[in-house]
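K.L.:
What follows is the residue order along each chain.
Protein chains: 4
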Amino acid sequence: MSTMQAVAKMQAGPGFELIREEIPPPGPREVLVKVTATSICGTDVHIYNWDKWSQGRIKPPLIVGHEFTGEIVEVGAQVRANEPQVGDYVSAESHIVCGVCQQCKLGQGHVCPNTRIIGVDTNGCYAEYITIPVENAWKNPPQMAPQVASLQENFGNAVHTVSAVDMRGKTVLITGCGPAGLMSIPVARAFGAEIIVTTDLSPYRLDLARKVGADLALNPREDDVARRAQDAVRGKSFDVLLEMSGAPAALIQGLHLLKPGGEASLLGLAPDTLDNFDMNNLVIMKGITLHGIAGRRLWETWYQMRALLAAKVVDLTPIITHEFPLSRWHEAVETMASGESGKIVMYPGE
Amino acid sequence: MSTMQAVAKMQAGPGFELIREEIPPPGPREVLVKVTATSICGTDVHIYNWDKWSQGRIKPPLIVGHEFTGEIVEVGAQVRANEPQVGDYVSAESHIVCGVCQQCKLGQGHVCPNTRIIGVDTNGCYAEYITIPVENAWKNPPQMAPQVASLQENFGNAVHTVSAVDMRGKTVLITGCGPAGLMSIPVARAFGAEIIVTTDLSPYRLDLARKVGADLALNPREDDVARRAQDAVRGKSFDVLLEMSGAPAALIQGLHLLKPGGEASLLGLAPDTLDNFDMNNLVIMKGITLHGIAGRRLWETWYQMRALLAAKVVDLTPIITHEFPLSRWHEAVETMASGESGKIVMYPGE
Amino acid sequence: MSTMQAVAKMQAGPGFELIREEIPPPGPREVLVKVTATSICGTDVHIYNWDKWSQGRIKPPLIVGHEFTGEIVEVGAQVRANEPQVGDYVSAESHIVCGVCQQCKLGQGHVCPNTRIIGVDTNGCYAEYITIPVENAWKNPPQMAPQVASLQENFGNAVHTVSAVDMRGKTVLITGCGPAGLMSIPVARAFGAEIIVTTDLSPYRLDLARKVGADLALNPREDDVARRAQDAVRGKSFDVLLEMSGAPAALIQGLHLLKPGGEASLLGLAPDTLDNFDMNNLVIMKGITLHGIAGRRLWETWYQMRALLAAKVVDLTPIITHEFPLSRWHEAVETMASGESGKIVMYPGE
Amino acid sequence: MSTMQAVAKMQAGPGFELIREEIPPPGPREVLVKVTATSICGTDVHIYNWDKWSQGRIKPPLIVGHEFTGEIVEVGAQVRANEPQVGDYVSAESHIVCGVCQQCKLGQGHVCPNTRIIGVDTNGCYAEYITIPVENAWKNPPQMAPQVASLQENFGNAVHTVSAVDMRGKTVLITGCGPAGLMSIPVARAFGAEIIVTTDLSPYRLDLARKVGADLALNPREDDVARRAQDAVRGKSFDVLLEMSGAPAALIQGLHLLKPGGEASLLGLAPDTLDNFDMNNLVIMKGITLHGIAGRRLWETWYQMRALLAAKVVDLTPIITHEFPLSRWHEAVETMASGESGKIVMYPGE
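Sequence lines, in order, name chains L, W, P and A.
For the first sequence, our numbering assigns the number 1 to the initial residue and increments by one for each residue that follows.
For the second sequence, our numbering assigns the number 1 to the initial residue and increments by one for each residue that follows.
For the third sequence, our numbering assigns the number 1 to the initial residue and increments by one for each residue that follows.
For the fourth sequence, our numbering assigns the number 1 to the initial residue and increments by one for each residue that follows.
By construction, these hints were calculated from the structure, which means they are not laboratory data.
All of these numbers come straight from a predicted model, not from anything done at the bench.
Backbone N, C-alpha and C fix where the C-beta goes; we use that ideal spot for every residue, glycine too.
Heads up, some of the hints might be wrong.
Claimed, not checked - If you anchor each label on the Cβ, the simulated ranges turn out as follows:
id : chain 1 : residue 1 : chain 2 : residue 2 : range
1  : P       : P60       : L       : D231      : 33 to 43 Å
2  : L       : P142      : A       : A249      : 46 to 56 Å
3  : L       : K211      : W       : P14       : 25 to 35 Å
4  : P       : N219      : L       : K139      : 19 to 29 Å
Claimed, not checked - Derived DSS-like pairs: lysine-lysine, alpha-carbon spacing no greater than 25 Å straight-line:
id : chain 1 : residue 1 : chain 2 : residue 2
5  : L       : K211      : W       : K312
6  : A       : K59       : A       : K211
7  : P       : K105      : A       : K312
8  : A       : K236      : W       : K105
9  : A       : K52       : P       : K236
10 : W       : K286      : A       : K52
11 : A       : K59       : W       : K52
12 : L       : K105      : P       : K236
13 : W       : K105      : L       : K286
14 : P       : K286      : L       : K59
15 : P       : K286      : P       : K139
16 : W       : K59       : A       : K286
17 : W       : K312      : W       : K211
18 : A       : K312      : L       : K139
19 : L       : K236      : L       : K286
20 : P       : K105      : W       : K139
21 : P       : K312      : W       : K105
22 : W       : K286      : A       : K312
23 : L       : K286      : P       : K59
24 : A       : K105      : W       : K286
25 : W       : K105      : W       : K59
26 : A       : K286      : P       : K312
27 : L       : K52       : P       : K105
28 : A       : K211      : P       : K236
Stated by the list, open to error - Some chain P residues flagged as far from chain A (calculated, every beta-carbon gap over 10 Å):
id : residue
29 : M4
30 : G13
31 : E17
32 : P25
33 : K34
34 : K52
35 : L62
36 : R116
37 : E194
38 : I195
39 : Q230
40 : P271
Start from the sequences, fold in the hints, and give me the full structure.
P.N.:
Written as C-alpha cells, this is what we have:
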C-alpha cells in the first residue's frame, strides 16, 4: 500500500476534498505515524470556510487537521535510540518550534516566533498517515483510548489556560463552553477550584458544562448572570476568570465579576479588536493580572495532561459527542460548524 | 454561671487536672468563646508528659489545649463592627502574632518571632470558655460540623505543608500517617496530585491512609518501600516529598526517592539533631528545594481550608476516630498517646 | 499653638484655599504628625482642577495632599508600645485599609475594596499637622532627607510597578516619564534590568530620564521609536514593558514592541476607555501577561523602598525639581500642572 | 596542522601530562572549537589530585578542563543553519544533557540524570581544540574579553545560586569567598541586594570580596561573626543565605543568622556528611526554604550572565588573579590548589 486517503484543501476557496496521495516518507528527524484517530478543531472549520485568516495563511494544496493519535510505523535515519520508536503509541504537539530562539531556550516554546503548525503550515492529519518531527511525538500510555489521545492537542489549550492561575481554593468563572471551555471545567476542579460557574449562549453546551462538573451554568440570554453568579460565590466577586469564548461582552462581564487582585486567563479570540474597553477600571485600578494564553507549555502541559487522564480526575469522554469515519469528513465538519457539538472524532481507514 | 470546667497543668510535672475556674472576661480586643468542641494535638501529649520542651516553655498553672471551635458570647470594648461578633461560629488560629514585625508585615506571620501560642503561652481551650484576641477568631460557615471545625488548626498544618509545593500532576510520597500526614492525603489529591504513596510503621494508620485516599500505603517494617513505591510511579522517582513523621530514616529515604529537581515539604520534627545527613547527595547535587513548614499561612491557609471543606473534596471525618466528653479527658489523652488513633475530639459541658 | 495653616478644597469647584484650622487631636488608634515636607501628586492637580473624577469623589471642605513626612508629636490612647511613638520620623502609606476583608487577609491590601485615601477621603497633609491611623505610619531611618521621605508614597507606585515583573537581565521599555515613570528607571536598574529605553513627549522629561539612568530616551514626536528602540536591544523585542503614561498610543506601541511571552506592568491611567484595542494580537496570541498596578504592596513595597534608598542605588533627588514653602502652594500646584517639572516639594511653616 | 597540545590525565593516579594528540573531527551534531582561553575549576584540582570522587568517575586517558571559550572552526554535517556556525565566538555549557528525559523536558536540564560533563566524562578543553555538541555552544557578544568568556561556566554557578532567591531589597550573607562566592557578590548586588556580608577563613579572599563589593567581609578565625554581621544589618537576622563554602560550620552559622521565613541557596559541597544537624530549629520551625544548587539553568542562567556582563554591572576581571600559557599548566594548577587565588586563566598556543 503506497497511497493513502486524506482530506485536503486543494485550492484557494471554501471547502475540502477527499484525495488519494502518496504516503510520505519520514525525513531524517521525522517519524511516520499511522493515524488511528483525528479530531476537529475550530481552526479546521475556519480553513474549511476559507475565512480571512485562512486566506492569508494557508497555501493549498494542503492536507488539513492537527489533532490526532496513532502508531509510529517508520522513523527517520537520525532519530536517536532514546527518542520515540516504531510501535510507539503517540499523539502530537502541533506546534513545530525552532528550538534555538530565545523563547525556545527559556521555556517559552509555546510562543516561538518561528512556529510552524501541523495542518496549517505543513501537511496535516486528516489522513491515514502523517510525518511529524520526532520532537513533536508524545508517547501515550497504552491504556489511553484513541479518541481521548487525539483530543490532547486541544485539551492542552484548556490545561494551559487553567494552569496559568493558582486554582487552589478559588472561585472560578469560565465564560464560554465550547470544547476548550468544557475541558477546562474538570481541570479547574482537579487543580483545586472550589466553585465553578460557567456561561454560554448555547443550551446544548450549558448542558454539557453541567455534565462535566460546573456548579452552575448560566445563559446570558436568559439568566441574570451577574446576580446568580455572585450568589453562587457567597455574594462575592470571583477569584479567577477563564475567558474561553472570545466574546467581548463575556470578557467585559467576566472582568467586572472578578475581584480586586484577581487573575484572568484569556484563551478565546475575539472576532475583532475591542472598542470601549475600560482598562482603567477593569484591570489597572483593580490590580488585575491578565494572562494571554497560546498553545501548550512545552512540555509541562503534556505532563499535566498525562497525569490528569491517568488519575482519571478528568474524563473527556462526555465531551466527545460525535464520531465518524474519515470518509464522512463533510458531515463531521458541518456538525462541528453547527455549534451543536462537543468534540468530534474521525477514524481514518474505516 | 460564672465558673467553668477546664483541664489544666497545675504544677511542673507530668499530668493534667480537671479544675473549676472563673470564666474569664474578654480584654478590649478579645472575644469570649463558648467552646463546643476541642481536639487533641501531639503537643498536648508532650505537655501532659512534661517532656523537655514543655519543661522549658510551660509556666503552670495553665489551661491547656489549642484546637477548638465555639460561639462568641461576648466581645471586648474595642472590637470593631467589621470584626467577629457575638453569635458568630468561630475556630481559632492558635498563633497570637504581634502584627508589627517584619514577618507579620511581609505576609509571614506564621513565623512571627513574637508569637504566643494558645494553650502553651496563654490559657487554652480544654475548657467551657476561652478568651482569644479578635484577630485570631476565624468565622466558620454555619453548616460545618463542630468536630471538623475544631480540627482546623491542625488541618492547617497539613494544608500549609501541601500547598508549599505545586501538586498539579505530581507524584507524591508522604512519609508519616499521623493526623497531619493523614490529612495531607486528600489535600494533595484536591490540589492536583496524580499518585500518592504513603509510609508509616503503624498498620492502624496505614489503614486510615488507604481509607482517605492513598494509592499505596507501605510499612517500612514489612515492605520493600523503595521498590514498591517506585513501581507505583512507573519506575521513576517522586516529584514531591511530604515529610510528616519526624523520623530521620523516613526523611532520608524520602529524599533518596525524590527526583533530581524535586521539592520536599518538611513538617515532622525529629526527636533529635540529625547525624550522617548527606546534604551533598540528597539536596545540593540533585537540585532539591526543601521547605521547612511551621504553623499556617495567615490567612491563605484558612481560606484554602474553608474551600476544601466547603467543596467537600476533603472529608476529615474518617480521621476523627474517637470522641469524648471533656470530663473524660484522661482517657482521651491516653488514647492519643497510644498512637492507635486519628484525631480525638472532646466536648465540654457533656 | 492650637491652630495650623492648611491648604484645602473649601467648596465644590476649581481651586484650593489657604486656611487656618484647629490642630486635630489623634483618635485612639491614631498618631498626630507634625508635617515637615509634603509633595504634590497628579491626583492633587485633578482635585485642584475639579475634574470629573474629583466631582464624584471629593466632599468639601477637605484639607488635601497625601504625600508627606514628619514627626509624631502625639499618639492615641490605644496605640501600643511596639507601634510608632512620639518622636518617630515617619512617612505615611496613604491608603487606609480595613484589615479584615479577603484582600487584606491575603496580602492584597493594596486593592482593599474598603480603602479610604488620605487627602481624598479624609483630611490630608498640605498642613502643619495631620492625624493618621498608627498602622499607616512608616518609620524612616533618621538619615533620610525629608524631601525624599515625603516622596515615598509616589515612589512606591514606581517600585510596585517595577517589582511586579522579574527585571533580572531583562530589556525594559518604559513608556511615560512623569514622576512615576522617572522613578521607575533607577528601580528597574537596581532590580537587574540590562537595557532601559524610555519614551515621552516632553523634552524636559526625556532629559530627566537620561539623567536618572535611561540608556535611551525617545520622543515619539521626533524619533522613529520602534526602530531606535529595537536597535537599542540588539534588534529584538523587549522583555518587559512598564506603561507609566496612560497614553493609549504608548500602551499599544509598547505591546507591539514586547516579545512573545513578555510581561507588562500597567500603572498609567488612560483619559478614557480604549477603542480598537487588539487583545488577540497584542496579548493573547503572543502569550503576554499584563499586570494592572494599584497603590503599593503592604508592606513589601515599603521595605523595598527603604532598601533601595538606604543602599543608595536609587537617588530621587534629581527628580525633585522644585521646592516651595507651603504658603506658596498656588505657584507649586501651577508648576506641577504645567508638566515642566519632576516632583515638587512644599514645606509647611516656612 | 593536524595535532594539538593538550593537558590530560593519562592514567589512574595523581597528576596530569602535557600531550600531543590528533585534532578531533566534529561528529554530525558537533562543532570543533579552537580554544582561545580556558580557566581552572576546583573540580580540575580534584581530578589532578585523584581524590576519591575522581577515582570513581574519571576513565583515563582523558583531556581535562571544562571552562573555556574559542572560535568555531568546523561544524558537523547535521548542524543546522540557525545553529552556531564557523566563525562564531562561543563559550560552552559543560553539561551535555540528554534532551529527552522529564528533567530536560520540564526546564530542569541542569539536573538531567543522563548528564555527561565535558572534561570529566568526555575529552575537555585544556587543549588547542575541542569538539562539543552544537547544543552546548553559546554565542558570546564579540566585545567580551576571552578571559571573561571562559569563566562563564563557573560564573553561571554563582548566578544560578543567587537567582534562586529574590534579592530585591534583601540583606544577604554569603559564606565562602572562593571564586563562586566572590562572583556571587556583584550578582547579588545587581539583582537588588541591599547589604552583603561575606565570610571566609582566607584574608586573601576576604580582600577580594571587599574589592568586588562586599559591604563587610569577616573572618570567623578573627571576628565575632554573629555580632558583627547582625550589626551590619541593623541588629536583625539576614533575609538570605548563600552558602558557597561547603564548610559545615559556615552552613550552620549561616542558618542561625537567617531570619524566620528566610531562604538559603546551597552551592558549597561539604567534605563529608553532616553530623548533629538541627533540622528542627534551623529549618523546619523557622519556616526556612533551602535551595540545593547544581549547574546552570538551561538557558536562563546564560541569558542572565550575558546581560550582567553586557550591562557592566558585574565585572569579573578583579576575580581573575592569574594568567598562564597552557604549557605552564602545572604552575597554574598548583596556584589554584594553594587557595591563594581567584580564577586562573590559561591560554593554549602561547
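K.L.:
Hint by hint, say whether it matches the structure.
P.N.:
Taking the hints in turn, this is what the structure says about them:
1. For the pair P/P60 and L/D231, the beta carbons lie near 39 Å from each other, so the given range of 33 to 43 Å is met.
2. Look at L/P142 against A/A249: about 54 Å separates their beta carbons, and that is inside 46 to 56 Å.
3. Checking the proposed 25 to 35 Å range against L/K211 and W/P14 shows it is violated: the Cβ atoms sit about 59 Å from each other.
4. For P/N219 and L/K139, the Cβ-Cβ distance of about 55 Å falls outside the hinted range of 19 to 29 Å, so the restraint is violated.
5. Only pairs whose Cα atoms come within 25 Å are accepted, and L/K211 paired with W/K312 is accepted, the gap being roughly 18 Å.
6. In summary, the hint linking A/K59 to A/K211 is not supported, as the alpha carbons are separated by about 40 Å, beyond the 25 Å threshold.
7. Pair hint P/K105 plus A/K312 does not hold up; C-alpha atoms about 42 Å apart against a cutoff of 25 Å.
8. The hinted pair formed by A/K236 and W/K105 meets the criterion: a straight-line CA distance of about 15 Å does not exceed 25 Å.
9. Restraint check: the Cα-Cα separation between A/K52 and P/K236 comes to about 48 Å, which exceeds 25 Å; the hinted pair is violated.
10. Between W/K286 and A/K52 the CA atoms are separated by roughly 19 Å; this keeps the pair inside 25 Å, and the hint holds.
11. For the given pair, A/K59 sits about 53 Å from W/K52 by alpha-carbon distance, which is inconsistent with the 25 Å threshold.
12. For the given pair, L/K105 sits about 15 Å from P/K236 by alpha-carbon distance, which is consistent with the 25 Å threshold.
13. The straight-line distance between the Cα atoms of W/K105 and L/K286 is roughly 22 Å, inside the 25 Å bound, and the hint therefore holds.
14. At roughly 23 Å between alpha-carbon atoms, P/K286 and L/K59 fall within 25 Å of each other, so this suggested pair holds.
15. For the hint linking P/K286 to P/K139, the alpha-carbon distance of about 43 Å lies beyond 25 Å, and the restraint is violated.
16. Distance hint between W/K59 and A/K286 is fulfilled; the C-alpha atoms sit about 23 Å from each other, no more than 25 Å.
17. Under the criterion of a C-alpha separation no larger than 25 Å, the hint pairing W/K312 with W/K211 is consistent with the structure, at around 16 Å.
18. Between A/K312 and L/K139, the direct Cα distance comes to roughly 46 Å. Violation of the 25 Å bound is thereby established for this hinted pair.
19. For the hint pairing L/K236 with L/K286, the CA-to-CA distance comes to about 15 Å; that is within 25 Å, so the pair holds.
20. Only pairs whose Cα atoms come within 25 Å are accepted, and P/K105 paired with W/K139 is accepted, the gap being roughly 13 Å.
21. Restraint check: the Cα-Cα separation between P/K312 and W/K105 comes to about 23 Å, which is no more than 25 Å; the hinted pair holds.
22. About 32 Å separates the Cα atoms of W/K286 and A/K312, which puts this hinted pair outside 25 Å; it is violated.
23. Under the criterion of a C-alpha separation no larger than 25 Å, the hint pairing L/K286 with P/K59 is consistent with the structure, at around 23 Å.
24. For the given pair, A/K105 sits about 17 Å from W/K286 by alpha-carbon distance, which is consistent with the 25 Å threshold.
25. Among the hinted pairs, W/K105 with W/K59 is inconsistent with the structure: their alpha-carbon atoms are about 30 Å apart, more than 25 Å.
26. This hinted pair does not check out: A/K286 and P/K312 have alpha carbons roughly 31 Å apart, beyond 25 Å.
27. With a CA separation close to 49 Å, the supplied pair L/K52 and P/K105 exceeds the 25 Å bound.
28. Among the hinted pairs, A/K211 with P/K236 is inconsistent with the structure: their alpha-carbon atoms are about 35 Å apart, more than 25 Å.
29. The beta carbon of P/M4 sits about 34 Å from the closest Cβ of chain A, which is more than 10 Å, so the claim that it is off the interface holds.
30. With a closest Cβ-Cβ approach of about 43 Å to chain A, P/G13 is found to remain outside the 10 Å limit, as its non-interface label requires.
31. Distance to chain A confirms P/E17 as a non-interface residue, since its nearest Cβ pair spans about 41 Å, more than 10 Å.
32. For P/P25, the shortest C-beta to C-beta distance to chain A comes to about 33 Å, beyond the 10 Å cut-off, and the non-interface label holds.
33. Every CB of chain A is more than 10 Å from the CB of P/K34 (nearest about 25 Å), matching its label as outside the interface.
34. The beta carbon of P/K52 is kept farther than 10 Å from every beta carbon of chain A, the shortest such distance being approximately 37 Å.
35. Consistency note on P/L62: stated as away from chain A, and its beta-carbon is indeed over 10 Å from all of that chain's, at 34 Å minimum.
36. For P/R116, the condition that its CB be more than 10 Å from all CB atoms of chain A holds, with the nearest at approximately 28 Å.
37. At the 10 Å boundary, the C-beta of P/E194 falls inside the reach of chain A, the nearest C-beta of that chain being 4 Å off.
38. A beta-carbon of chain A is positioned within 10 Å of the beta-carbon of P/I195; the least distance is around 7 Å.
39. No beta-carbon of chain A comes within 10 Å of the beta-carbon of P/Q230; the shortest separation is about 16 Å.
40. At the 10 Å boundary, the C-beta of P/P271 stays outside the reach of chain A, the nearest C-beta of that chain being 33 Å off.
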